[in-house]
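**Q** Sequence:
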Amino acid sequence: ENEIIRLNNVLEKEKAKKEVYNSFRNSLLIKLMLYGGLRISEALNVKLCDFEEVDDEILKISIIGKGGKEQFAFIKKEEVDDELEYFKENIQDSDYIMQTSTGKHLNRSNAFLIVNNIYAKALISKKGLHLLRHTLAMRLTAKGTNLVVIQKILRHANLNTTTIYAKATNDTVKAALLNN
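So for the sequence shown, the working numbering puts the first residue at 1; every next one is plus one.
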C-alpha cells in the first residue's frame, strides 16, 4: 500500500510539470493496469471512445483482449477522472491516447522505460509492466475478494491462471483464521 501511495504521489507531481500530455498519458497508462487490470497491450490501444460511464462511480472500457476478442474492463471513475478530462479537451475521441510527443503510437518498449522510470521516482525497486496487474490481484486477494470475481476483473479464461496471481500472504492467512 505504501508503494501505491508513493506511486500516486509521483504521478500527481508529474502532472503538474510542463510535459503535460506525457504526464497525463503516463498516469493513465499506470492506472489502467493498476486499478483496471488491463494488460499492457490493451492499455496501449485505448481511445477516448472506448470509455463508457456505467454509473456515477464506474467506467466500462471496451478493449480487444487476448485472442482478439472484444472484452470489457471496469475501473473506478475517480481513479482516472483527471486524466480523461484532460484528454477530452486535447485529443479526438477516436485517437489513441498512448502516443509519443511526436504523435506516434506508444509501444511496449517505450512503456517499459516510462513505467520503470516512474517506479524509480517512487522508490519502488521492482521493475516491469505486469507488476501493476499483479498488484491489483494481490490487493483484491488481501481484501478477501472471491477468486471468481478476480478472474472476471482480470478477464482470465481459466481460474487456474488467476490463482497464480492471487497468492495468500501470511497476513491474509492469519486474518482468515482469526475471522473464522
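A couple of the hints might just be wrong.
Derived DSS-like pairs (lysine-lysine); straight-line CA-CA distance at most 27 Å [to be verified]:
(1) Lys47 / Lys77
(2) Lys13 / Lys47
(3) Lys13 / Lys152
(4) Lys88 / Lys13
Quick list of the computed label-pair ranges, beta carbon to beta carbon [as the list claims (entries may be wrong)]:
(5) Thr145 / Arg108: 40 to 50 Å
(6) Lys127 / Ser101: 41 to 51 Å
(7) Asn180 / Arg6: 30 to 40 Å
(8) Arg6 / Phe112: 36 to 46 Å
(9) Asn170 / Cys49: 42 to 52 Å
(10) Leu123 / Ser101: 25 to 35 Å
(11) Phe112 / Glu78: 37 to 47 Å
(12) Val20 / Val149: 15 to 25 Å
(13) Ile4 / Arg108: 21 to 31 Å
Hints were generated in silico from the structure; no laboratory data involved.
Note that CB positions come from ideal geometry on N, CA and C, so glycine has one too.
**Q** What are the numbers of the hints that this structure violates, sorted from low to high?
**A** Going through the list in order, the structure violates hints 3, 5, 6, 8, 11, 12 and respects the others.
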